[in-house]
Structure formats: C-alpha cells, structure tokens
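Below are the chains, spelled out letter by letter.
Protein chains: 2
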Amino acid sequence: MFPTDLIKSNNPLNKIEMNKQILTILIYLICLPFFAQNASNQKFNLMPWPQELTTGIGNFIISKDFTVNIVDKSNKNKRVYEAVTRFLRTLSNNTGIFIDQGFVYPDTNYDNPSLLISFDTTEEVRLGVDESYSLYITPKQIRINAKTDIGAMHGLNTLLQLILVENNHFTFPVLSINDSPRFEWRGLMLDVSRHFMPVDVVKRNLDAMAYVKMNVFHWHLYDDQGFRIESKKLPDLTLKGSDGLFYTQEQIKDIVKYADDRGIRVMPEIDVPGHGTAFATAYPEIASKDTIYELERYAGIFNPTLDPTNEKTYEVLETLFAEITPLFPDVYFHIGGDENEGHHWDENNDIQKFMKENNLKNNHELQTYFNIRLQKILKKQGKILMGWDEIMTENMPKDAIIHSWRIVKEGQDLKQIEVAKNGYKTVLSSGYYIDLMLPAKDHYLNDPIPQENQLSKEQESLIIGGEATMWSELVTPLTVDSRIWPRTAAIAERFWSSKKIRDVENMYLRLNEISNDLEQIGILHQRNKEVILRNITNYQDTRALNDLANVSEPFKIYTRNRGGKQYKSYSPFTLFADACNVDAIDAIKFNALCSEYLEKKSSESKNEILSYFEKWKNIESDLVKMAPKAPILFNILPYSQRVSKISVLLEKALKNGKLTKKEFDQVNELLDAKENPLTNLDVEFAVKDTLKRLALYLLK
Amino acid sequence: MFPTDLIKSNNPLNKIEMNKQILTILIYLICLPFFAQNASNQKFNLMPWPQELTTGIGNFIISKDFTVNIVDKSNKNKRVYEAVTRFLRTLSNNTGIFIDQGFVYPDTNYDNPSLLISFDTTEEVRLGVDESYSLYITPKQIRINAKTDIGAMHGLNTLLQLILVENNHFTFPVLSINDSPRFEWRGLMLDVSRHFMPVDVVKRNLDAMAYVKMNVFHWHLYDDQGFRIESKKLPDLTLKGSDGLFYTQEQIKDIVKYADDRGIRVMPEIDVPGHGTAFATAYPEIASKDTIYELERYAGIFNPTLDPTNEKTYEVLETLFAEITPLFPDVYFHIGGDENEGHHWDENNDIQKFMKENNLKNNHELQTYFNIRLQKILKKQGKILMGWDEIMTENMPKDAIIHSWRIVKEGQDLKQIEVAKNGYKTVLSSGYYIDLMLPAKDHYLNDPIPQENQLSKEQESLIIGGEATMWSELVTPLTVDSRIWPRTAAIAERFWSSKKIRDVENMYLRLNEISNDLEQIGILHQRNKEVILRNITNYQDTRALNDLANVSEPFKIYTRNRGGKQYKSYSPFTLFADACNVDAIDAIKFNALCSEYLEKKSSESKNEILSYFEKWKNIESDLVKMAPKAPILFNILPYSQRVSKISVLLEKALKNGKLTKKEFDQVNELLDAKENPLTNLDVEFAVKDTLKRLALYLLK
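First to last, the sequence lines map onto chains C and G.
FYI, in the numbering used here the residues of the first sequence are 1 to 700.
FYI, in the numbering used here the residues of the second sequence are 1 to 700.
Honestly, the hints are just simulated from the structure, not real lab data.
One or more hints might be untrue.
Intra- or inter-copy, both count: the list cannot distinguish identical chains.
What the hints assert, rightly or not - Each computed DSBU-like pair below joins lysine-lysine, with the alpha-carbon atoms no more than 35 Å apart: (1) K253 / K140; (2) K629 / K203; (3) K253 / K203; (4) K457 / K674; (5) K257 / K78; (6) K379 / K457; (7) K78 / K240; (8) K409 / K425.
From a predicted model like this one, the values you see are computed outputs, not experimental measurements.
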C-alpha cells in the first residue's frame, strides 16, 4: 500500500519535490519484488506491534548525512520539532554516528531529506485525539505521515525501534506501517505517596512511556503515607503531611509540560475519603475521629477517613481542588474512593446521626453522598470525575469514568464488564497491578475485552483502555524503574496492538530488546541492579550474587510484606530482593531449556543444563568467602546453600541419568524449604517447578 | 583529648543526662588502654582526612536500635534535622539494617541515644562560617559537637565514611576527631553552558560535594553555547539563546535551597564581555559587531563580545543582574571576564573612537572600564565581584576575588602568588582543571600555597581556597559524574586537610573506597560506564571491552577535541572514550605490579603480569566476533589489535625471560602507534610507559 498511499496523500510539497518523490517510489518499486504482510516478526523489535506492517527488501543506511524536514500543515507546532531533536540525539547516541543536523527549525528545508515528517493538525493532548500515523521506509527516504502532531511523534518512536544492523551498518529496514491504537487510554499509574518519587524519576518514566506509546500518566499524589503536592492555600498538607517530600506547583507544571511535549496526558489523583491519614495529620478537624494523627509508615488499609458529614470537609476539598485543578489541563480528575471500610464512621455518633437523618442506610451510601458532592465541586472546576470502582453507584453521572481494579469472585462479571453493562466508561487496571510482581506474560494475556463477554458492540466501546498500576509500598527511586520496566512495555502493547497479537514467546524476545532500548533512553532498571549487588557484596566480586539474582524472583502477590508490617516506608530497599526482578533472566532460559530437554533429550541441552548446575553449585562457597567483609550476605547464605545443594544433587543425577528416591525426596524438600522470614530474603527460586519436573523425570 | 573535651564542653543536657555521659566516659576509659595519634590511616576511608584523629580500641556496633538526639542550642535549626534523616537513610541503605528511628524532631529525646549531636548556632551559609566539629566514638555512644549547624553536618558525613565491618557486624571504630578546614573556599565549578546539566545532575553532585565537605558550587550559567537561566525581563536570552535548555527561576531557587541545606554556597557566573555568542544571538544590538549570530556548537575561544562602549549593554546587564541576583543569597557574583581577545573591538570604528576619547590604550583597558562599571552595578545589588584572573587591574576594588586559572611561564610568579602580592583575595583553579583528564594525583599534589612562595603570612591568608573546574565541552549528563568523581574527592582533601597529608598511594587507596561510597549516595560514574559499554557492544558480552576500558584513558590536556572541531555540542558522547576513565583501574594495578616485579623479580608478580597479558591478548578476537552486530566496535578494533599484539609479544618474552631486538622494536612501534583520528577513538593505552620499561628490561 505504500506507493498508492504516497501518491494519494495531499502532498504539501512543490512540484519538483513531488517529482522527486515519484522517482523515489519508482526506484523503490523496481527494487522491491514483493511486500510481505505478517502478524509479528521476530526481526523487528517493535513494541507495541503496529496494526499493519508490510515488509520489503533492502534497507535505508543511517549515516552522518541523515536529514529531517518537517511539513507542518498546522503551522503552529512545537512538539514535533523538539521530538525530532530528541530523535536525532537518540539516533546519534545509539549508533555513535556524528549526524550533522542537530536541530529542525520551521525554515529547515533539506533537498531530499532522509526523513520527511508530515502532519495536518496540532492537537491538544486529550482523550480521543487521533494518534494514527504511517511510516514508509525505502532505501532512499523515510516518510512519516500523520493526521496530528501526536501521531507523528508515535511514528518517530516506531522508527527508533527499527534501528537494525545489516552488513556492518546501522540501518532501517524497508517496510511500510499503518498504525493506530486499539484503546485510547493507555496509562501508567505511579504512586508517589508510599514512596516519594522525585521529578527526575517521573521524567525518565515519561520518556519510557512515550517510547512504548502510552498516553496517560496517572499521578497518585495522595495517600496515607504523604500528601505530595504543594498547596499554598492549605500549607499544612505538606508542612505536616509530607516529611518535606512533595512537588511544588512549579514542578507539577514542569512535569505536565514535559508529558504534554511527549503526547501524554497527566491525570492527578487525590484519594478520598479513605486513605485519610496524611490529610488528617494536617487537618484533623475534617477527619472522622477525634484523635491524634501521624503519617502512616506501614503499608495496608487504614482507618483514618475524612468526615463526609462535616461541611468543613467540602470547604477544604473545594479550596484544594480550586487551587490545584488548573495545574492539570486534562479534563479528568481522579478522586480515588477505594478501600474505605468506614470504621471511624461507625464509631462516630454524629456521623451515625447524620446518616439516619439523611436516610443513608450504610457506609457505602454515605460515601456515595460524599462522591456526588465531590463530583459537583469538580464540575465547577470543569473537571470530570474518575474513581476506583467503588464509586460506581446509581447517582453517579454517566460521564464519570470508573477505574476497574477489583478482582471478582468466580461466576461474577469482571468489573469492567459490570461497569460497561451499567453504561459507564471504564479503564481497566485489574490484571495490570505490576506491584504484584507477576511475569509480563500474565499481564500481557489479560485482554481488557475478554473474548466471551455478553457485551454489545456499544457496551464494548465503553471499555476505553487500561492502566498499569505501580503502587510504591516496596518501591523506591532506586528500584522503581526495574519494577515498572520492561514489563509495562508488554502491557503497553496489550493496550495499543490488535487483540490477535498475543504470542508470548515472541513478546518476550522483543521485550528483551525493548528493555535495552529503555536503558539507553535513561531508564535505570539494569544499572541500579548492579549498584545494589555491589553494595551487598561491599564491592567485592558480584558475579556469584548476580548468578543467584538471575534465577531468583521477588515474592509475588504481596507475600513480600507480611501484614504490611515487615517494612516501613523508610526501611532499606537495598536488599537482595530489590536487586532481583520478575521474569528472572536465567530462569526463563533454563525453564525453556529443560522443557526442550524433557521433550527431545538432546545431549546438547543436557550439557547446557549441566553448565547451569555447575554455576549454581558454586554460588554458596563464593558468597561464604565474601561474607566476612559484607554482612548483608549472611541473610542470603542459607538460600544460596539450598541452591547449591539442589544443584549438586541434580547435576550428579543428570550425569548418571538417575536420581534415587532418597535424593528425590531431598531435592523436593530443599525446593520446598522456606527461608526464615526475619532475614527479609523475600525471593523465590524461579526454577523450582522446572526442577521438580526434572527430578521426577530423573527418578523414573 | 576526648574525655576532657567532653567534660569541658558546655553540656546542654540535664544533670541525669550529664551523669550518664560521665558514666559512659568512665566505661570508655576503662575499655581503652591507649589512643594512638596518626597522620593517615589506611583502615579508615576518610576523605578529606581530618586535622586530628586519635584512634582507640573497640567499636560501636550499628544495630536497628540506633538512635539520634539533637541538642540545638540555637533552637532554630532545620538543616541538621534533615541531614540526620538523610544520614539514617544512608546508614540503613548501606548496611541493610532496619533502623527503627526514621526521623528526628525537635522533641525527639531518646535515653542514651547512640548518636548525640550538639551545636551552638544556626548559621547562614557564607564565606568564613565556622565549619569545625568534633566526633567522639565510644563503644556505647557517638557524639558530634560543633559550634555551628554546618560543622555538625560535616561531622555526620565523617561518621558515614567510618562505617566498617568487624566480626561480621557493621560498626564505627572507637576514635576521636577534631576537625576544621584548612581553606574556607572549597569549590566545584560546573559548566552548564557547553552541555546543559538538568536539575537532577546538579543535585546529585551537590550530595557528593557535601560528602567530601566541599562548600562552594560555582555555577557557570552562561557561555557561547547557551544561556541557562530564565530571565523574565529578557526572555530572548533563553528563547533564542538556549535551545530550550535552561533552568527556570524556580529551579534555581530549588537548587540554591538544596545546596544551602547541605552547607554549600551557590555562586553564579555570567561570563562577560567575551564568550558573547549566546548573548549576541539573543540581543545582537549589544554585541560589538553588526552581524548575524547563532549559538556556538563547537568548542574554543570565539570572537563575539559585548560592546562596552554601548550604554544599552549596561542597561541590559543591570536589568539582568537586578532580576537574577536575588535568587542567589551568596554575596559573591562571578562575572567571568576571561578569554576575550577583542577582535570585534578592533574591527569596530565606533569602539576604537570611544577608546581614543576615553584614553583607553588597549583592549585590556577597555575591558577594565567594562569590569569597573559592572562592579558598580553589582554593588548596587549588594554583590561583591569575582572574576577570572584577567579582571585584576589597578582600579579593581580590593574586596573583589580574583579567580586564578592561568598557567604562567617559567620564572613568573604563579597566578595566585601574583594576586596575593597585589593584595587581593584569590581562589585557585589552575591545577584543578579536571577536564584536562589528568590523574587525581596531579591535582592532589598541587597545593594552593606552594612551599617556597615569598609571601608574608598575611599575603598567604589571601589565598582562601580553590575550585575544581568541570568545563563541559566533552561532557554530557551521561558522563559528567565520571569526569568529576572520584578525582574531585582528592581535590576536596587538598582544600580541607593539612598540607602535610600528601601520600599519593594512601590517597588512592582511600579514593577507591570513597568512589564506591559516592555510587551509593547516587553518583552514576560507575553504572553509566557499563551502560555505554552495553550500547557499544549492542548488548553482547561486555567483558572484553571492559577489560580494554580498564587500561585505556581518554586523551589528556585537550588533545581529544582537535581544534575544537572534532565534536559539536550535539555529537555523540557515547563512545569508547566516554566509557574510559582517568586513573584507569587496571592500569594503576598493573603499573604498580610491574614496578614491583622490576624491583624484586618475584615469580608471583610475574605470574600476575602474565595473567594480564593473557586477558589483553584475547580482547581483539572477542571484539571481532561481536563487531558484525555492533558497528561501533569497528572503530575500536585497530586499537584492540595493537593491544593484543603487544600482549602476545610481551607474554612470550616474559615467559622466556627474553625479548629480541626485533621484537623490542616491534613492541615499541606498536606502543607508539596512533589510531586514525577520524575514528574518534581518543584514548591512550595507559600502561604504555610501563610496558616500555618492561620491554627494555626484557631486552637486556
């Protein structure tokens, strides 16, 4: 479709330019015997995978003479110009090529530019904006066409992902892409309350979001552990409620602009009336219980709650919202509304009296009363309300967006289905809780619109997208990148790409490459792992510990923080578990290897398995040697001893082709053993199930 | 001296507390058979080394029960409270210990606190403030006493550097320290014009400065390549003169506060009248030549210069200074004043006429006229002028500080000597140009007050300190940390410690540990090296390239950027040279090893040398294998081939105990060979001289 499309497009170029274009196309047609359409192609490390990709033959060679022109039909764009500057820097930094062109200005007009970007309109970043683009690569020229500047920027990021090495050169492959998102809401929520995340953390994650075409930054600015946005009208919110860790209004503006420059909406969340500790610490008079409040240091669901029967509560919230909503141009405002159990309401006679007087039958109805009042306050500020799924009640106006997060019991409708049936728009986060520390594939295979769903087409269209949620109880600026990335790139693909794109193996291959790209654009997930390991070993050799980390995964599904009391917000998150990642890299390789071995019994895979055992069995002795200079290692030794013992037993058995029943029991006992929770080891041996299968096979 | 001092001090504690203290001391006296005073002690990784250190026996064991009380006699401090919070976090993160205490508040009052901090006054951060402190560590308690809050914070950083491992525990050693700085001005200059450095870069470097007790951040905010501070009155300065890369006034305030919280003064520099390109791009009407200006992309000394004969120039500067000086509480303001060759003045008839009319005999007198006008403008804003040594002229008021930077011809007085003789205060940077990429020892041994100097005591006292200068022509946010650190820690020691502390070997041992500490407090010098190597190898195995990097040093003394035209400001600084560091780690080890071998001829050192050759000879073949997937490697291959060939020849010779004349010539030719400059390899083999000595020995 490339040549036709190119000819059809309302080409803004002059005639000579047009003729050159046609010539390029003709050369291109001669060069290309065929195009091949394919669903997902291992050669290209695109993520999210585009809607339509047609491959060709040949490539565009990247050289220092790479040039870019922009054709801006709106004549008023800034975003794409800056995006091209960033594109040129990334291209130059990644390839080491000294590209002559440093900037694109409105009057930049190279003859035969390497890259010609054309778009029709400059748009506000808002829900539903056209994000489509086309990308055509020929050996002579690259073209990005888009309706909006935002689409054009997506095209630039796709192009960056297409850098390939061919014949000792950095190249772009000849191909044609037509692309647009499946869902219009593709978000990442970042909790900056449980652990504060400084401006640079937010910015680098916005860069990464743009790289995988996410378009909503949901900023969880308030929770029990801290109020993170400056209010000049209500200064105690940060004076008493933040430990001094908050964003000034100027910083908020700076980040909102930074996101906007990358086509990303910013939606703030102030989570009320529950999660009220920090609020109540600053303004106890609007809380539901007359007590002394202090900032929460633990994780969990706590009782402090705003008092919905107190007019002062609404005055305070209205003052706050009137002050901060102008900082956020986006029309949606998230009021949270989750996890309020209302114990302090039950205890408060005045509140009980109010409920009776107003015929509010239970806490849920009281909270609804509160939500509707808030909705009206926000409406005055021109905002539309969004909230966690608890806010869905009869009186909630239909323009509110319901954020589906709760997991339902078997037999019940999934939350997003229930919400859509009720006629509300919904954004899905159930299944995208990345703090559960589940493998990327679990999130990847979770489709916002399940195959069998009994929804009408119209109802289906109410499911407008999803959000990965990064709750930060166990996450600090040092580790947050490794908790978000690379898994969130797989989620970004789920939100952007066709529902048919769901080959897990292929996804992991591409995810691995995208993870490296993310490092080069500034994400610290890989480098900070090493920093933690170096600290643990006290700057001795990290090889053994790294080997162990590569088969260890942090405890999943909130088993790391027993009862929310194992860690305080200021506990050290510089432990072994903090260096370990979901989808442990050697575990993935080893698990695949064993599956192959158990199927085909090749001596090649057997030898590879043996080399892993060889590596693992020596970890313990290496760590023991280092421990006297690095006391943190003592907490890791019992685990490394288990891993070593298991490896010794299975190595011997695999070599001999046989495991005795006694040894089999020993292996299983070792695999099932648990570390003393007081050591805060908090990781699991990520090849456990595979080794159980292998042991069973060897026992036979 | 510890017990006496403790008893003598005006102890603010109540009597019970006093008695407890005395008890502690008695226990301590019983425990300690002796104290030993020593100049510098390898066991302690202190940097800068304190003025007085008395060691004891035993240690304080760090546990989760570690507590801190603050006795603030000024009753108005905030800085130390926040510093203690940071201290507790670092202590906890480094040791993995879950310290119960998270914060110190004014009402925090533990019985028998582990650490008791006491100070008399809360001071403004300013030149000459008392920074002294004492630190006493006993097995039961640690005390920091200081006159000022700033001294107390120095004590905290000293304590952090004293974390040791003893008997499987993290501990602090029993000792006593009395400490104060030798010089009152201990600065780091950061050039944010040649390459812009975002807020987070500045902040993490301020953290590192505080860690090594530096107290002046000299912020080079303006140069030919960009104007980096927002002016609301003169918006074109950043609109036209910054590529959009500048600090908002709010960001400036944020950084100034961040520095102030750490006891660091912030001195801005606006370098005029030379280095005028960005100024002239924004406001050509105040430049000396009627031409079209564009931001400079290269490095060097350029002609654009402000017009000192134009009243508009002073209006613009007065407007600018009136607007921005209030952002900087410090009394000193740096106007640069260097490297103006005045070519545009020579070419301008009006300027020539003005000079005649005003009896200004040459460009230097014209610049003096300009400087004195500026000095008066700044005085109106309450500022004292500082400038590079070119500003020292007869009419300059004696309160100005002259920044000595130029290297003088043999036989002439060093600049700082000349300045002091002229009765001006001076800060020395000659000898501390860290962008020259010279080894730490070169800077370390450069004493601001040379031994033989013909200065009176009073004149000597005019040399008030020094500054390391980080010019950023070849430095980006990715690499700046590795260009500043760890070498600047050695310079910090030169500025703080006694002039007698100058044992290079001991300095390097401590520097190595401090370098690791700096990583743990957030400096990216080590981790970003790996990121660059991973990019160069395109995420293949980096071992071989890392081996090569560890014996390679970036070109020194501005030989990297030939004529200032090899690199533009937006060239890629993600090359091999950018991953290599001064004081290449394996080179230091190997050079020491060879010296030992050549002296003692032990078979042990011989075998170690052979193991290096074994490693180096294989680098080339490993890189060759990876190059097809990583084209950047092609530029490195010729060098790696040289290294491999040299290693093969010398390995053989060392094994055989003999090198033929032909081989000797071959080795020397290989060692002297230069890479094609077009490959931008820009590194030198850092063991070259050692290998020449070894070859000569083997030839004999």
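Each hint tested on the structure:
Taking the shortest Cα distances, K253 and K140 never come within 35 Å of each other, neither inside one copy (41 Å) nor across copies (49 Å). For a Cα distance limit of 35 Å, the shortest separation of K629 from K203 across copies, 31 Å, qualifies, whereas the shortest one inside one copy, 37 Å, does not. With identical chains, the CA atoms of K253 and K203 are at most 35 Å apart both within one copy (12 Å) and between copies (20 Å). With identical chains, the CA atoms of K457 and K674 are never at most 35 Å apart, being 49 Å at best within one copy and 70 Å at best between copies.
In this homomeric assembly, K257 and K78 come within 35 Å of each other (Cα to Cα) both inside a single copy, at 12 Å, and across copies, at 32 Å. For the identical chains of this complex, K379 and K457 are intra-copy neighbours only, at 29 Å inside a copy versus 73 Å across copies, given an alpha-carbon limit of 35 Å. In this assembly of identical chains, K78 and K240 lie within 35 Å of each other by CA distance solely across copies; the values are 14 Å between and 40 Å within a copy. Taking the shortest alpha-carbon separations for K409 and K425, only the intra-copy value of 22 Å comes in at or below 35 Å, while the best inter-copy value is 77 Å.
In this structure, the earlier hints numbered 1, 4 are contradicted, and the remaining ones agree with it.
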